[in-house]
Structure formats: structure tokens, C-alpha cells
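Peer 1: With chain A fixed as given, assemble chains B, C and D onto it according to the hints.
There are 4 protein chains.
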Amino acid sequence: MESRDQVPEKLSVLHPIRDAFLQVRQRSVSICGSLEVEDFVVQSIPEASPVKWHLAHTTWFFETFVLEPFLEDFKPFHPFFGYLFNSYYHQAGERHPRAERGMLSRPTLEEVLRYRAQVEQATLRLLAARSDPEVHRRVVLGTHHEQQHQELILTDIKTCLGRNPLLPALLGQDPPSAGSAPDLEYTEVAGGQVRIGALAGLKRFHFDNEGPEHIVTLRPFSIANRLVSNGEYLEFVLAGGYDDPVNWLSDGWTERTSHRWSRPEYWFLDRKKWREYTLYGPMDLDPDNPVTHVSFYEADAYARWLGARLPTEFEWEHAARCLGVTDRAPGYEDESLHPRGRSETGCGQFFGDCWQWTASAYGPYPGFRPTSDALGEYNGKFMANQMVLRGSSCATPAGHERLTYRNFFYPKDRWQFTGIRLARDLA
Amino acid sequence: MESRDQVPEKLSVLHPIRDAFLQVRQRSVSICGSLEVEDFVVQSIPEASPVKWHLAHTTWFFETFVLEPFLEDFKPFHPFFGYLFNSYYHQAGERHPRAERGMLSRPTLEEVLRYRAQVEQATLRLLAARSDPEVHRRVVLGTHHEQQHQELILTDIKTCLGRNPLLPALLGQDPPSAGSAPDLEYTEVAGGQVRIGALAGLKRFHFDNEGPEHIVTLRPFSIANRLVSNGEYLEFVLAGGYDDPVNWLSDGWTERTSHRWSRPEYWFLDRKKWREYTLYGPMDLDPDNPVTHVSFYEADAYARWLGARLPTEFEWEHAARCLGVTDRAPGYEDESLHPRGRSETGCGQFFGDCWQWTASAYGPYPGFRPTSDALGEYNGKFMANQMVLRGSSCATPAGHERLTYRNFFYPKDRWQFTGIRLARDLA
Amino acid sequence: MESRDQVPEKLSVLHPIRDAFLQVRQRSVSICGSLEVEDFVVQSIPEASPVKWHLAHTTWFFETFVLEPFLEDFKPFHPFFGYLFNSYYHQAGERHPRAERGMLSRPTLEEVLRYRAQVEQATLRLLAARSDPEVHRRVVLGTHHEQQHQELILTDIKTCLGRNPLLPALLGQDPPSAGSAPDLEYTEVAGGQVRIGALAGLKRFHFDNEGPEHIVTLRPFSIANRLVSNGEYLEFVLAGGYDDPVNWLSDGWTERTSHRWSRPEYWFLDRKKWREYTLYGPMDLDPDNPVTHVSFYEADAYARWLGARLPTEFEWEHAARCLGVTDRAPGYEDESLHPRGRSETGCGQFFGDCWQWTASAYGPYPGFRPTSDALGEYNGKFMANQMVLRGSSCATPAGHERLTYRNFFYPKDRWQFTGIRLARDLA
Amino acid sequence: MESRDQVPEKLSVLHPIRDAFLQVRQRSVSICGSLEVEDFVVQSIPEASPVKWHLAHTTWFFETFVLEPFLEDFKPFHPFFGYLFNSYYHQAGERHPRAERGMLSRPTLEEVLRYRAQVEQATLRLLAARSDPEVHRRVVLGTHHEQQHQELILTDIKTCLGRNPLLPALLGQDPPSAGSAPDLEYTEVAGGQVRIGALAGLKRFHFDNEGPEHIVTLRPFSIANRLVSNGEYLEFVLAGGYDDPVNWLSDGWTERTSHRWSRPEYWFLDRKKWREYTLYGPMDLDPDNPVTHVSFYEADAYARWLGARLPTEFEWEHAARCLGVTDRAPGYEDESLHPRGRSETGCGQFFGDCWQWTASAYGPYPGFRPTSDALGEYNGKFMANQMVLRGSSCATPAGHERLTYRNFFYPKDRWQFTGIRLARDLA
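From first to last, the protein sequence lines are chains A, B, C and D. Note that the numbering used here has the first sequence beginning at 1, numbered continuously upward. Note that the numbering used here has the second sequence beginning at 1, numbered continuously upward. Note that the numbering used here has the third sequence beginning at 1, numbered continuously upward. Note that the numbering used here has the fourth sequence beginning at 1, numbered continuously upward.
Same shape as in the complex, but just chain A (with noise of 0.2 Å):
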């Protein structure tokens, strides 16, 4: 096997999505630099998968929508490999349980890198030979799609070594520093006719439930000018907020009571001092920092309780583009895991520090039609149950947020990097 280095030579030429797909790959191993050996097996909750599944989910990915279709002389690296590393595709047949990811020492870590090597290899072996738009259409899709793993990644990991008794940090070094929350305001948005959605037929790319762009009509409102702060929240767990069932959703309130929540899923109390599991190790709970790890049930009790309410996404995204938000907007230059508060005043923090539950239920747009292959299991096959969460936390990768850009999870879920920006009517 040709090792990463010897990229063959016609490749060299300019090739941005060549060079987004390795920069990616890249990426999905050296953001697990810190862990041990031992972190890529577990699976500590159900919805979590253990950091090798995901290495080698990425990777079946290409191997299966990208080499299989497209190499003549393809042959599967491993013939169970599909068995045990597709997740969603039913069209791509049988699937090992994902609850059972975590019972998996094998294949190991180094057979998986093998796995990893060898088909980057092929892959980009094939972008030389061929300039198909539709190899170039799924490395492109591939590529957004292992950025999407990567931000779970950190999430899982985080939920694997945040329940570990030894409260072990994933990195060394300290935090980045922390900017002081400004006060809470609230702006005005008209509303009106608002195009919503991304446009078919631009260059940048976006997940095919990112559109059909359409119209939607939006009542004036008024959005929060920064995140819900842990201090903010602080006061609603102080208030007795979770035991009060009046703050709560029908459905929140069981949950609420099955799993015994009593605040966000990292905090703990320490000698009576309120402190916070990150990937930094445990600290001192920052009272600017966003609150994050929040359920859409905590997010909608907290602005209930406070008489506010959550932004549809239609609002999130017509007020983010109302007050010049775009794409590439936080400019946060320094890399951080954990959410900070920001003391520069515009940003509004509407990418790069928590994802923002919505008040919208995740379905299709009007005339969404998932595309006819099994690469169009992807989005639609979750329009159930889940909620729209829009924006990007502080593990997103750079260059991975869009205006547009709709994750969805179930508001019970509360291991990603969740958070609360409110919303209220105009009088």
C-alpha cells in the first residue's frame, strides 16, 4: 500500500475538491490525536457511536457511493465491512444494531487506519482518472458528510470520557480565554414575505433538505442578541425551574422525570460550588459562557418560564440574514471545544458556539423530494420527531456552517454542543 505521502503527480495540479477531501480526512485523525487507544471502542450511550465506527463510517461512505459505482475493478476492502460500518442506508442492505457498535474490538484501530489509507488511496486514484461530475458530486458529498462526523466525534468521545468516573480532559493545554457575556437585547425583525432555504444551482454546496427555497410569510418578532448564558440559566435551576411542570412540555416532563434531570447533562455541584465537565477537564462553571448540553425540552422550559419563547428556524434564519450574518461569519480565529462568551459586540454569536434549538419541527420543505439513489436516504429519512437546530457550535469544523444549514436531533438529546437563543412576539 502506497502510503499518503506518494500522492501521484497529475494530482498536484489544483484540485479544490481533491484538496478539501484530504484536508478532511486529514482532519477526522488528527482531531483524535489526543485519545487513547482504548477511546475508540466505547459507546457509552445508545445515540453515540465509538470514534473507530465513525473512522471507518466515513470511509465506507466513499468506498461504497464513490469507488464501488465507479471503479471497474472494484473489490470491498473487507467483505463485512459494509455489514458493520453503514448506519442509515437501508438501501445498502443489512446493518449490524447500532446499539451494539460498542461491543466491536474488532476490527481495531489499525486495520480501520488501513482501511482509511487504502481507500483515500483509490479515491483519489479515481478524481485523477475521471472528472465526472457525479464522482465530483459525491467526494464533495462524502467530504461535507465526514465533517458532520467529525463534530460527533468530539461529542462522543465527550460523552464517553465525561461519564468516566476519572473525569479524564481530552486535552492538555487550558481553554482559550472567555470574553464577558454583554447584556441581553433583544432586535426587532419585520416580517413579511422571507425567501427561505438555499437556491438550487450555486456553486456552494448544501444538503439536499437545505432547500427547495421557498416563501414563507413571518409576524414582526424580536431575537436575542447573544446566546443564554450559564449564569441566565443558573437562575431558572435555582428557581426550581425543572421542578416546576408548568415550565414544561407534556413529553419534557417525562423525560425530565425518568432521567431525573435537574440541569444541564455536564454540570455538576462540587462542594457546593457549580462546576462543568469539558473536554478541557472539569472547571469552574463560567457564568458568560452559553449554556450548553441543553435539551430542546430545557431550552423551551427555560424561555416559557422567562415568558419568552424559542425562534422557528424560519426566524433564526431571516433575522441571522436581517442583521448581516453570513456563512462565514464568526471569524473566530483562535480554535476552542468548549463555548465562550463573546464581549464582541455584532458577532451576535449565531455560528461557532452552540447550536440553537428551534421552535420547528424538522420535515421537508414544500417541494422537497429526497434524490431517487440511496444516497437520498440521507436526510429525508429522518423528517420525524426531531427538532431543527440551526447556527454551529464551537466543534463544527471551519468552513462546515451555512445560514441554511439544518441539524435536526430529538429534543430529548442533549450530548451535542446544544444551546438557547430566544425570541419573543412584538406586543
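Honestly, I wouldn't trust all of these hints.
Identical copies go unnamed one by one, so any copy, or any two together, can satisfy a pair.
[Said to hold, decoys possible] Computed cross-link-like contacts, DSS-like style, restricted to lysine-lysine with a CA-CA straight-line distance of at most 30 Å: (1) Lys273 - Lys381; (2) Lys75 - Lys203; (3) Lys203 - Lys272; (4) Lys272 - Lys75; (5) Lys381 - Lys75.
To be clear, the hints were calculated from the coordinates, so they are not data collected in a lab. Predicted model only: the values in this text are computed from it and were never measured.
Peer 2: This is chains B, C and D only, laid out in the frame that chain A set:
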């Protein structure tokens, strides 16, 4: 205790609120006329409740929200009934666990009927004594609330009898004869900016979740002239539609697999013949009758298999209006407790046969604000994880249906009289 | 159908088997005399069955094992009753799931009573017509089987009423007055080679699991003169006995933890006063009454806490014989449905108050062989995971107790009238 | 930290306790020699533990029960390891939940090996410094305890690899060749009063549950000359033995049904050929090898189907003695990690191939009293719901087997090397 016949003289003047109250209260008991005492006790699935519980809970509603706040010398009928017969009104205090309602042999049916009579008498006296509009509002709300429970009484008892290996009939007689289904056709409906929801301040009652009235922008679409029939749905079953994951939402496939769905809830094969349990007992499957007792997942899978889709709740309401359907539309004189094929053209089965799953998740309309008292918990509490159903069913009390009515159930629920109306995008 | 009074003339001759049959059959109904129709339907815990089911199942036993094989023109009362009212007799075919017995509102109580009457008539006619000893053997077996279910009817209805927040009494009157418990003393019993079990071939009925009679070698031991009292057990509760894992078997600790046991099944604290639900309704806890409704794990933990132990079933039987206890021992004239303190010395409470958990796992005696027909499934099927209880309880029908009787329940079971007799090794 | 080679001089004198300690400690690591790091992490069934956990737990035993009480300047290796690696010793404090052992990626294998080395060094120093007999007693106990865990390491890793769809082999080489099974014959054994159990005060180590020695009265019986073979058990499978409830105990039928058992744990059909997963990888089923990985329920059902039965633990021990089997009996020079057919007559497979389910529930021998310290929790805690197994298996460390050894598992357990020896009553 006075008998129900001894209504005080002064009440006999024209009083539509009182008349509706009395009529609805009497109907709740009369629709149970063919039940055995034992039938009132059983809770056959966690989602359903014993009939006895429904009769008491609807009574508790009047006792708690009408008598307690407005009667000066109020004394509860029984100190524990608030605990036993409260449902989701958290503000009203602790509740008996829902899943254990079938464990309660006491109070007996006879005691519950005494409870009903006493609360009715007191309510009538209150209506006679006070003309407080808030009392009127609450009695009207309680009346509509009880109508909702009348439908649940019928569907809940169906789960009890339909799961009993003896397959007993609720009704002794034969069902009213059914017509043959006309050809399935699609009517084009123009899009644009349309008004959705109930206008506040009108005489006609509506639930809080039906408003505020607001503007929705629709694309043109087409909608089916009738519900999907048993015969059509059987083709899906026989074609292996339940076994091909391509047809299914991811969560739907999980449900189908864990519950081994392979056909609608009450269908069964008897010596190679398709039969269906109905409240009239087991019957041969009539291919012209609308398919019923399908979950949202099945409705969605069927539509996808066909290349069609479900309408949104906005499309449904708009189409009904465009097609001249009104609140009183069905006009089916003969009462049936099973949905039937309708050969008459025009009616379109918007009302009176099956509730129709829409593609819309149940959420608040823009500007929706629940009332701030305990009654406000009524509908808003459920605005997560459920799908909107529109129309009405054969079990809906006459006069209870409305064009703006928003029924809601979990996408997995199959015990209601739920059916399928198809829609399509225009090319 | 003939009424029960019209017993054919020739049956009126002396016939102990028939007399016992008739008496037991009538008692099954008469002990239900104070129940409401609704009480017959409920299954409040999976281990219990609805009273209606017991009345039908005991009838099905006679129909299946007596009428069907010996009646030439046998026709089942109802083709589905075999499916519904079979319990663990696998040979007799498919069975309705045990956990769903409470879902059956039909057949109604009235139908079940008609079923009882018809099978009784046919059995009486068969007894009059045939003197086949196998028929006699089976009628006797069915009679004893029905007596077992009489005890279950009482304990099962207690779980239903005792879990109802209204805490209704089964019996209107006060319980018979109780005596004060004498001092707890231990009697030494010599060991050696002792005969255990029932001798085959005697007139007196016994179940198959009580034989063969065999020799067991015992070490000398001492045994308590009465059951452990509420007052004594309360000391264990108040001393934190439920919270110290040292007292508990590993599996017991797991049960205690997952079910949050902190006291016997029907005890509760009412304004700092210990009370107990009984079939006579809630009563103050009488410290002289034997503690009851404790699991084996609790009995074992209590004994361990005290430095004592439970007797083996062999020690129990041998001690009872040595102490002059006989099958007819209790001689309690007054019927009570609650265990009581017994001030009379000598009787020792071996019978009549609480079943006594032994340290013996339920298994076959040496040489035990179940009969080869379906009846052979009766007792041998359960010889795993259960513990033997000896003696009898206040709910055991008079005449049903025996020195060799082996009752058996799971070590976690608490809904029977189970109590504690202590033993000790001699130093 | 000193390396293991730098053992202090004075230890080099002959010291069997120290030698056994060292040898056993080293073997725990050496039997893991062919594992990948990833294999040490996984817990594939709740009953099993990760290999890493076993290596740490056996070390925690010495740290807690030897070092902590006897070392003056004792400091734990890590303050949390007591929480993480305690198992059922409740007295020793709070424990990490058993079912979440597979969630712990940290401490890493390397840290655990450092933990082992440090505790070993300290123990060796203690042994060199103190000749306190209680220290010796505890080191010996810890050594035997660790030998038990060596067997668990092998069976637990087998559940991990055997459930992996890749079916990886633990061992690279072929298994030692197996002999052909001799004809199955029964030897008559005289009954009478026999001594059972281990005599206290002997030099030879035994666990507390093997005593006190006591007299049991046995009836004459006959016992099989070898274990039941795969070929014989396959007949039961092919005859539908798994599908006929007549063969099964009631609880066994429930297990078989809920887990869909249709063959021993590691058997599978591969293109109509019976194969078996072994630690050497998948192999064709050898009909002469003993059947293994069957639960007690299956062993009991097989015996019942054949008209035979399982021996009691007393019969097993007595028969072994009568047949001249001694503690050192097997004499199988070649180490195998799979049970094999043994053509040599005489040995009778009492040791060395499969643990043998007996008909005896696991309970205390007469007069058994657990030691009063935390070590006393060791065996007595489990005396409910489990069945005794006698003999030893191919995974039992040489020298660990004893005629009086009482192994115990739940009747549903199948992941140990468990097999079947038959017995019969004499006519």
C-alpha cells in the same frame, strides 16, 4: 340526590349552553349502553384509558374548573377523585399514573355514575344561578372536552374488545351499508397566500390551538377526492410494502420492526381471507371502505410507495375551503361506527369517516399563547413529537367537526380511526 | 341448563369425593361474595391473576382433565376457553399470555359462572355414572388444585384493593381479635436420620412433589416457638436493616434497590404512625401480629441481622413432628383473613397464620418422577429459582394444610401471606 | 517503580505462597498475550466484564484485603480504583455499576498494568517482611480468587470475539487434536451415608462454601462415564427438543422463548453445515467433543428428553470419589482451550473439559457460616437462584480443580464452558 329529570323550572327556558351540556353528558353514557360492567374497567394499551375513567375524568373537569372556583360552598364529591381522574393538568396537582388506570376496580361504575349525576346537578344549578361569561366559557369548553372523550371511549373500547381472542362485537346489529368508492382523482388547488386557522372572537367555539388566524404561503398542489381504500392499501401490503425500508421513515421502520407491523391494526387473515375487526364484530374486508387504523408512518410509507405524499395541515384546510367543504359538511344521516366507502361525489370524505394524517408536526401557530390558568395546559402541552390530523371520523360526535380542528397523535398511534388522504406536488 | 339444586337423586348417597368437590366449588364463589363485578377483572401485578380468571381456570381443569377424557359425548363449553384459561399446562396447547389476563373483559363474570355451573353438573353426572378410580383421582386432584386457587383469589384481590389509592376493605366487619405474642423462645431439636415427605399409597391426598418419602440426615438445631412479630420486625426496619448491604443476599439487594423496598409490602406510615393495609381495610400495625408479606430476601436478611437463620424445609417438617404438630393442628375456630398473635402456648403457629419461608430451594425429592400425562406438568415444572414455604396461612382453606405440604414462590415474591420462623445452629 | 525482576534477595528462599502468587499473577497477563488493546475494553454481555477490569479487580483484591490492613504506610494506587474495581464486596463501599464496566476507556491498559506491578511489588515486600498467618491466608485466597478470574477472562473474551461478525480467533494455532468419544455407559454407585465437602483444617486450600464437611444420605444411582457429546446433543436439536415444552422447566421455556434459543450458544449453521465458534476460530462441529455452552435449562431439558436426569452435587462428588477420581485427576498434559472428546477410558471427564451442571441449587451446607469480615461476602452472598456446577473446564487453571469445588451460575447462563453429565435412578 335528585334524579336527572328533576331539572329546576327556571332552567327550562331556552339555554343553548345548558342544552348542549345536558345532551353531551347524556350521550357519554348512552354510547356505553351496550357495554358490560367488566368492559368499563380494562385498559388494554397504555395509550388508552378505561371507559370508567373517561366517564369520571370528564366529570372531574367540570367539578374542578367550573364548580370549585365558582361555587361558594364547594365540596368535592370525593377527596381522592382529583388524584385519580386528573389527566395531564399538572397545575391541578398530583396524578395517578396513567399506565395504572386499568388497575382500579374502585370506584365502581355505579359510584362513577353517582359522581356524574351529582356534578351535573350542581353545574345546572350554577348555570341557573350565575350568568358569568367565564362560567359559560368553561362549561362550553368542558362540553367540547367531553365530546373528545366520547370518541376516545369508542376507540379505547375497540382496543379492548378487538384484542380479546373472543372478538366480541360492541354493537349487535349490522353496520349501515357502504357505497362503492369512486375512482381516485386529484383536484388541483391554487397556492398563494391563504388564511389558516380560526378567527378569534367568533361565536363558534374553537380550541385555543386553532388560532391565531394567520397567513401561510402555499405552492399549488393537487389533492385526492377521497380517502385511500382498503383495496388500494391491500395492494401495498401484498406488494411487500411493509418489508422494504425504502418506503419508510427511519423511526417508522424501527416501529414497524419492533411491533412487527405487517398490516393495519385490526386486519387479520382467516383461512386466506382478509378480515377486519370492527365494532360490529369481525367482517370481511370491504375493498371500498377507507383503510383505517394506520399510523402516520404507514400513511407516509404508503404515499411514498405510490410516489405521492400526505398534504400539510395548511393544504388540507385550504383545499377543503376551496372545494366548498364546510364545518357541517358530511351530512351523513345514518350513524355508523365504521368508516365507509362513499359513492356520492362531491363530499370528498373530508369529514365523517377517518381522521387524516397530515405531513405537519403539531406545533403552535404564530402568536399562539396558551391561557395562563390551568386550562391553558390543555392543548399547548403536547406540542412536540405529534402529528396533526384533520377532518373527523365515524366516531366523532356530530357537530364536533370543524375545518380548523387540529387533532394530534403520535406518529406511531394506530388505535384511532385514522386514514389516508393523498396529495401531490404539481409538476 | 339445570340449576345446581337439581342434583340427580342417586348422587345423594354418601360420597366424600363428591361432597368435597361440591363444597370446594361452592366456597370458591362464596369467598368472592363481597366483591364488586369490577373487582373480578383486574390483574394488578403480573404474578397475580384476575379473580374471574381463577374461577374459570379451576373450571377448565375439570373440563380438560376429567370431562374431556372420560365423557363420551364431550363438547367444550366454549372453543376458546381452553386457550384463555389454561395456565402452565403446555401439553394442553397454546395459552393466552399470562401478563394479559387483566385485559379480558369478556367472558363476563356471569358467563364464567354459567361455565362453572355447567362443568359442575357434568362432573357430578360423571361421578354418579362412573366409579373409575382415575376419575376419582382426578376429581380429588382438581379439588385440591381449586383450594390452592382459593388462597390465590384472596391474595390476588388483596394486591388489587391494597394498591388502590382508596384502600377499600374487602370485608366490612372488624377482624377477629388477636392475642399477644408470647416471648420468643427456641426449642432444641435432635438431628439424625429422619424421614421426610409423604408416604405413597396412603388414603390422605398429597401432591406429587411431597414424595417420595426419603431419609435426610440432620444436625441438631433449635427452632423458634412462634413467628416473628411486627414489633420485632419493626426494630429491623428502624435500625436501618433495609439499608445495610451486609444483611442481604446479592440478588436480594438488587431487588430491594430496584423496587425501593423499605418495609413489608402493605405497611405504610400515616402521620408518623405505622399502619398496614389488610383485607379488613387499613389498620394500625399490631406489634403482636406476625409480620407478613415479606419476601424470602427480607426474611433471610432479617434472620442474618439477628444472627439467626431460616430453617430448611427438612428441619421445619422434622421439628413440627417432634413438637407434636399434626396436619389438623391449628384448631383456630374463628376464621380470620389476617394473621394474628397467638397467646396460646404450644400451637407454635406452624399452621394458620403465615407461610414460612425456608432456606431450601424448591427441587425434586430423590426419586421424584412426575406422572407422564399432562397433569404431570403440575408441580415439577417449577423446580428452579423458587424457595419452599412450609405451613399454611390465614388464607389457606381449612383442611388443605399438611405437614409435608411444599408451597413454593420466587424469593422476591411478597404478595402471599408469607412470614418468618427462625432457627439456629446449636453451638 | 521497581521492575518485576528486581525481587528482593531474601524472597528467593523457597516460599510456596509467594511462588504461587507470582506464577498466578504472571499467568493472568500471559493468557492475554494474543489480545489486541481494543479487546481489553469491551463488555459484550452484562454478565461478563472487560478483560481490563479483571486485571484491575484482582489487583484491587490484594490492595484492599492484604496491603491496606497490613501495610503501615499504605496509600492507594489511585483514590478512585476502589470505586471502579470493587465487585460485590458491599462492605468495601460504593461500586461502579456492573453493567457499565464496558463504558470505561480509562484507566488504560497500560495504567492497569502499572497498577498490577505496583501492588505486586508491595505484596512481595509485605510477604518478605511479615510472616503473619492472616497475611498468608489472604494472599492464598487472593491467588485462588485470581485463578477464578483467569477462567472468566477467557470466557468473557470469548463472548466478545464470538459475537463479533468477523469471528476472530483468539489463538492463531490449531487446537490440540481430539479423541473419539467412547460409548456412553452408566456405572452404578451405591448409596448410603456419605461424607460431602471439605474438611476444615487441612493444608489444601478450599473456599468457605465447600464446608463444613457433613453427612448426606444418598440412594443408589448410576452415573455416565463421560460428558454428553455434540453428536448426541445434535440429535436433541434435530428432533425438535427445543420446541417441545414438555422437555422444559417453566422458567427454562420462558428463557428459551424470549432469547429464541434453538442450539448451544456458539453453534451456527453455515450452508447446512453445523459449525461452532471456538477460541481457535470457527470450526466444524466435532460430534465427539462434549457439548458446551449450554444453560442449566438446556442440560435439564436434554436429560428429561432422554429419560435421564442430572446428578445432584452430592451424587457427583460421591461418584467421583468412588470412581477413584482425585483432585489432580485429569492429567491432560496438552493445554487446550476447547473441550475435547477423550478416548482414554477411566478418566471420565470429571475434570478438564466442561463444568457439569448439577440438579442442586446453590445454598449453604449445614452449619456454614461466612467469615465475619468483608471477605466473608465472598461466596455466601450468592446463595439464591443459582445452580451448582461441579468439576472443571478446559479454561480452569491447572491445579485449581477440586473434588469439593462448588462453582455456581444462574440456570440461564451459557457463556461458561458448561456441559452435561447424566445420571439415572436405579429401577
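Peer 1: The structure should be examined with respect to each hint, and the outcome stated for every one.
Peer 2: Now the hints, each set against the structure:
Within a single copy, Lys273 and Lys381 get their C-alpha atoms no closer than 43 Å, and across copies no closer than 34 Å, so neither meets the 30 Å cut-off. Neither within a single protomer nor between protomers do Lys75 and Lys203 lie at most 30 Å apart by alpha-carbon distance, with minima of 33 Å and 64 Å respectively. For the homomeric pair Lys203 and Lys272, neither the shortest alpha-carbon distance inside one copy (54 Å) nor that between copies (55 Å) is at most 30 Å. For the homomeric pair Lys272 and Lys75, the shortest alpha-carbon distance between copies (27 Å) is at most 30 Å, but the shortest distance inside one copy (59 Å) is not.
For a Cα distance limit of 30 Å, the shortest separation of Lys381 from Lys75 inside one copy, 29 Å, qualifies, whereas the shortest one across copies, 54 Å, does not.
The structure is inconsistent with the numbered hints 1, 2 and 3, although it conforms to all the rest.
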